[in-house]
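There are 2 protein chains.
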Amino acid sequence: MRILITAGPTREPIDAVRFISNRSSGKMGVAIAQAAADAGHDVTLLLGPVMAPATLHDTMRVYRFNTSAELKQMLEAHFPDCEVLVMAAAVADYRMEQASEGKLKRESAGGRDAELTLRLQPTPDLVRAVASTKRPEQKVVAFALEEPMEMEQRAVAKMKRKGVDAMVANPLGTMDGDHIAPLWLLADGRRTEPGRMTKPDFAGWLVGHLNDL
Amino acid sequence: MRILITAGPTREPIDAVRFISNRSSGKMGVAIAQAAADAGHDVTLLLGPVMAPATLHDTMRVYRFNTSAELKQMLEAHFPDCEVLVMAAAVADYRMEQASEGKLKRESAGGRDAELTLRLQPTPDLVRAVASTKRPEQKVVAFALEEPMEMEQRAVAKMKRKGVDAMVANPLGTMDGDHIAPLWLLADGRRTEPGRMTKPDFAGWLVGHLNDL
Numbered sequence: 265m266r267i268l269i270t271a272g273p274t275r276e277p278i279d280a281v282r283f284i285s286n287r288s289s290g291k292m293g294v295a296i297a298q299a300a301a302d303a304g305h306d307v308t309l310l311l312g313p314v315m316a317p318a319t320l321h322d323t324m325r326v327y328r329f330n331t332s333a334e335l336k337q338m339l340e341a342h343f344p345d346c347e348v349l350v351m352a353a354a355v356a357d358y359r360m361e362q363a364s365e366g367k368l369k370r371e372s373a374g375g376r377d378a379e380l381t382l383r384l385q386p387t388p389d390l391v392r393a394v395a396s397t398k399r400p401e402q403k404v405v406a407f408a409l410e411e412p413m414e415m416e417q418r419a420v421a422k423m424k425r426k427g428v429d430a431m432v433a434n435p436l437g438t439m440d441g442d443h444i445a446p447l448w449l450l451a452d453g454r455r456t457e458p459g460r461m462t463k464p465d466f467a468g469w470l471v472g473h474l475n476d477l
Numbered sequence: 265m266r267i268l269i270t271a272g273p274t275r276e277p278i279d280a281v282r283f284i285s286n287r288s289s290g291k292m293g294v295a296i297a298q299a300a301a302d303a304g305h306d307v308t309l310l311l312g313p314v315m316a317p318a319t320l321h322d323t324m325r326v327y328r329f330n331t332s333a334e335l336k337q338m339l340e341a342h343f344p345d346c347e348v349l350v351m352a353a354a355v356a357d358y359r360m361e362q363a364s365e366g367k368l369k370r371e372s373a374g375g376r377d378a379e380l381t382l383r384l385q386p387t388p389d390l391v392r393a394v395a396s397t398k399r400p401e402q403k404v405v406a407f408a409l410e411e412p413m414e415m416e417q418r419a420v421a422k423m424k425r426k427g428v429d430a431m432v433a434n435p436l437g438t439m440d441g442d443h444i445a446p447l448w449l450l451a452d453g454r455r456t457e458p459g460r461m462t463k464p465d466f467a468g469w470l471v472g473h474l475n476d477l
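In the order they appear, the protein sequences are chains V and X. Note that my numbering has the first sequence beginning at 265, numbered continuously upward. Note that my numbering has the second sequence beginning at 265, numbered continuously upward.
Take these hints with a grain of salt, some might be off.
Treat identical chains as interchangeable: a pair holds within one or across any two.
As the list claims (entries may be wrong) - In silico lysine-lysine, DSSO-like type, Cα no more than 30 Å apart, as pairs:
no., residue 1, residue 2
1, Lys336, Lys398
2, Lys422, Lys367
3, Lys367, Lys426
4, Lys424, Lys367
If you are wondering where the hints come from, they were derived from the structure by calculation, not from laboratory data.
Work out the full structure: start from the sequences and follow the hints.
Right under this line is the structure:
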C-alpha cells in the first residue's frame with residue numbers, strides 16, 4: 265500500500281522568535297511509519313519540528329514541516345498519491361492572525377509590566393479538509409486526544425465530524441510518553457481495545473489493522 | 265572556577281497540551297558548558313526542553329527545566345555556589361496567568377470558528393533577579409538577541425538594566441543556527457567583536473575571556 269503518515273507538532277509563529285506549539289513528540293507517527301516500511305509498504309512521512317530518529321527506514325520519503333500552513337500544502341501535494349493517510353501529527357488548533365516580523369518587545373506592549381494579549385484564530389481543520397477530497401478507494405485514519413471522561417463518545421463524534429474512516433482515541437497524558445492505551449474505532453461502528461502497549465508495538469498492530477478499513 | 269550555565273528555551277504552558285516557547289536550540293549554552301568543562305572548570309548546566317547531546321562531558325552536573333518558574337527555582341538553588349553564571353537560556357518574557365488544567369476545547373471558546381484570546385503576563389526577569397543577589401566576587405554574563413539596528417545601544421541598555429557584568433549581543437537570526445557573530449560587551453565599557461564563528465568556537469573564546477570579568 266502507498267501510505268502517507270504525518271507526525272509531530274506544528275509550530276505557529278508569534279513573532280520571529282516565539283511560537284505556540286504542543287507536547288507531541290512525534291514518536292507515535294514515526295513508529296507507524298517505521299512499522300509500515302518494515303511491512304513493505306511504500307511510505308511517505310511528513311514530520312514536524314522534532315528530532316528525527318537516526319534510524320529512519322531508508323525506503324521512506326521524509327518531508328519536514330514547521331507550521332500548519334506548511335503541513336496543509338504538503339498534504340495537498342501528497343494525499344492524491346496515497347491509499348491510506350494516517351494523521352498522527354498534532355496540528356495546532358489556533359494561530360496568530362498575523363505573526364510579527366521582528367521580535368515583539370516588552371516595551372512595545374506598554375512597558376515591561378504590561379500584559380500582552382494574543383488574539384488567535386482557528387486554523388483550518390486539516391483532517392476534515394483532506395478527508396473531504398477522498399476518492400472512494402482512499403482511507404483516512406485520524407487521532408484524537410481526549411479527556412478520559414466520555415472519551416469514546418467524543419472520539420466517535422469527532423470521527424463523524426471530520427469524515428474519516430477510523431480513529432485512534434487516546435486519553436490525555438499519552439502525548440509525549442512511550443506507551444499508549446488506545447481505542448480503535450471504525451466509522452462502521454466496530455471498536456477494539458488492543459490494551460496498553462509501547463508506541464512501536466501499537467504501530468505494528470495498527471499497520472496490521474489497516475486492512476480493516 | 266565554578267561555572268553555572270543555563271541553556272535552551274523555556275516552555276510556558278497554555279493548557280495540558282499546548283505551550284508557548286521559542287526557537288532557542290540550546291546549542292550555544294551547551295557548547296559553553298562543554299568548553300568550560302574541557303578547560304577544567306567545575307560546571308553545572310541547567311538545560312531546557314531540547315534534545316541533550318549524547319556526548320556531554322561526564323564531569324558536568326546537568327539539571328533539566330521546562331518552565332521559567334522551574335528555571336527560577338534552580339537558579340536560586342545553584343547560583344549561591346557558583347563564581348560565574350552564564351545565562352544563555354532564552355527565558356520566556358510572557359506566560360499565561362494561569363494555565364488550564366485540561367485541554368482547551370475549540371468548543372469552549374464559543375464554537376470552532378471563534379477567536380481565542382490569550383492574556384499573558386510578564387514573567388519575572390530572572391537575569392535581573394539573580395544579578396541583584398550577587399556577592400562582590402560573583403559575575404553574571406547574559407545574552408541579548410536584538411534587531412540588527414541599534415543592536416549595541418540596546419544591548420548596553422539591557423546590560424545596565426539587568427545589572428550584569430557582561431553581555432553577549434547577537435543579531436536576530438543567530439538563534440537556532442550553527443554560527444554566531446557576537447559582540448562582547450563589558451559593564452566597564454570595553455567591547456570586542458571576535459567575528460563570525462561556529463558556536464563551539466565562540467564557546468571556547470568566551471570561556472577564555474571569563475577572566476576579563
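Is it within, between, both, or neither for Lys367 and Lys426, if the alpha carbons may be no more than 30 Å apart? Only across copies: Lys367 and Lys426 sit 19 Å apart there, 36 Å inside one copy, limit 30 Å.
As a check of your reading, is Lys422 near Lys367 (CA-CA no more than 30 Å) within one copy, between copies, both or neither? between (37 Å within a copy, 15 Å between copies)
Lys336 and Lys398: within-copy, between-copy, both or neither at 30 Å Cα: Classified as within: same-chain Cα gap 15 Å, cross-chain 50 Å, threshold 30 Å.
Given a CA cutoff of 30 Å, do Lys424 and Lys367 count as a within-copy pair, a between-copy pair, both, or neither? between (41 Å within a copy, 21 Å between copies)
Going down the numbered hints, you'll see the structure goes against none, and every one checks out.
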